[in-house]
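Sequences and hints are given; from them, build the entire structure.
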Amino acid sequence: MRIDSRAADHGGGIDAAAARYGGVRGDWLDLSTGINRVPYPVVRLTAAAWRDLPDAGAIQALEVAARLFWNIPDKAAIFAAPGASSLIARIPDMVPAGKVAIPGPTYNEHARAFRACGWQVVDDTPAARVVVHPNNPDGRLWTLTDCQSDLMIIDESFGDVVPDQSLIAASVRPGTLVLKSLGKFWGLAGARLGFAIGDPELIAALRQMLGPWPVSGPALALGQAALSDPAWAVRTRRRLARDAQRLDRMMTDAGVRLSGGTDLFRLYDTANAAGVQDDLAQHQIWTRTFPYSDRWLRLGLPGPRAEWDRLAVALAARRGI
Amino acid sequence: MSAGLLAVAMIADAVLGEPPVVWGRVPHPAVLMGRAIDLLDQRLNKGPTRRMMGVAAVAALVAGAGALGLALHLIPDAGLIEAAVVAVLLAQKSLVDHVRAVATGLRQSLKDGRQAVAMIVGRDTATMKEPDVARAAIESAAENLSDGVIAPIFWYLLFGLPGILIYKVVNTADSMIGHRTPKYEAFGWAAARLDDVLNLVPARLTAILIAVTHGHLDTGPILRDAPLHRSPNAGWPEAAMAVVLNVALSGPRSYHGEKKDFPWVWKEGRRDPGPAEVDAACRALWRSWAGILAVVLLLWWA
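Same order as they appear, the protein sequences are chains X and C.
Note that this note's numbering has the first sequence beginning at 1, numbered continuously upward.
Note that this note's numbering has the second sequence beginning at 322, numbered continuously upward.
Please keep in mind that the hints were generated in silico from the structure rather than gathered at the bench.
All values derive from a computational prediction rather than experimental measurement.
Keep in mind that the hints are not guaranteed to be accurate.
Each computed SDA-like pair below joins lysine to any residue, with the alpha-carbon atoms no more than 20 Å apart [unchecked claim]:
| # | chain 1 | residue 1 | chain 2 | residue 2 |
| --- | --- | --- | --- | --- |
| 1 | C | K432 | X | Q245 |
| 2 | C | K367 | C | M497 |
| 3 | C | K432 | X | A111 |
| 4 | C | K432 | X | A244 |
| 5 | X | K99 | X | A111 |
| 6 | C | K588 | C | L544 |
| 7 | C | K432 | X | A241 |
This is the structure:
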């Protein structure tokens, strides 16, 4: 049974799950996304962050921090936006519609956005291409040679767990944009903060489309603090890598096969993904299945210890212990 | 010996397994046995009469284990020590845990599966494919159900604490010095032969137990295939396991880089087992365990 089309197409959707399986939002452990559940600690915000329109200085400070953190080439332009998804929705509108290749299965908002702007999504074309790197949900990595289309979008929303794999070097190529997000690795999805990095002309067009002050003052402050804290990033990468292995052990012990993923989410293969999702949902744990596969089940990593314990209890009940 | 005490020990083993907390502090009996065998190996495995030396070594181990068993049995402690020793010498829980780890490992990656199976088999795991790993785990499950659970129970029921201790020390000696290598061919002869004798009945009982607890009352296929196995005893539980799981076992493999063309046991079974079949082997281990527990409880009650 499909809960509703919106919930079936994305992670999240706790309200729909709660309506179906019971409980209220707060009872649920949401493992249906790839959002780090131990987020970057929210910094103290000044009254000015809320009161004032973000000035050029605050925006520039954030962009400088981002350039340093991601080793962005000087020739590439950068633009902070209210979440990577706001960029994804507008990118297809920057150039005349044509054909675009989006190798999948992958995050479906790219295809949706291109189609909504009159594009035709095809298997292969040199005109335009979108790669999600690492890919969601299977964790596939791409290389610079995969990224040579005239319009080239490289979505690195999950890329901060594998910084050495970043394709940021492609951001100097004409027609290329690399997308970054503060939502996943830093666990700040609620702040809505993402970046487009690359071709100055495309960046200027995006800036034009989103108007002045696209990012809120609190998000600017938060983003600047997060991107200026490489030590937190190193610690978090180490923890996520350890926790991904721990989740793999628990899940494979419960009878599903590891199929791919990143250190932010793991993809498992099982004969009956909907059945496992249902079993875990009985314990108010929400996971992600996919409309195009009845074998794939994706889980984000639990964060605090109590969440791991909940998952262990639910899996033990499934095994009938 | 007492069947009631044995039942208690079986359940304690099944629940507790081998808690690492304990064995970090005191040496496991298997480790002590290993040290004794090592010592005898160093002292006696030399000279022109190695085979006789091997016989003497096994005789010493048997006498020592028997005497220790008798002494422990005679301590007036209401059987507490005896139950504890028997629970420690049974290896059901740890066997299932090790076999399960192979299924879990295989679901993560072939590399993890190989690593897990290397803990329980002595074969080259580096070139194993998934079906090889699964097969090795299932074979090990069957063989160790006989060696690690059913045979110790059998000898305890017949001869009490001396019986189970003698069995375990001979079985350990076989695994340490019973190889057909230049160093051990002669010295290990006695241990290997005595181990074959001691397992003669238990291995066949294990096969019957596996078959009966899975409703396989037609023993034809097991009788047909057990003798195909390279080992006179291990073939029995393996053939029974192969038939009830419908997986072809044994078959071609490599030992220390050398290809061996062993015949298949239950060649009609599937040749591509995976983690699901390894899980099925674990369930079969528990089913067989429940079967033997029922027998022990019947003996107690009778």
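So, going through the hints one by one against the coordinates:
no., hint, result
1, K432/C to Q245/X, "holds, 14 Å"
2, K367/C to M497/C, "holds, 16 Å"
3, K432/C to A111/X, "violated, 36 Å"
4, K432/C to A244/X, "holds, 17 Å"
5, K99/X to A111/X, "holds, 11 Å"
6, K588/C to L544/C, "holds, 14 Å"
7, K432/C to A241/X, "holds, 18 Å"
Hint 3 from the earlier list is the only one contradicted by this structure; the remaining hints agree with it.
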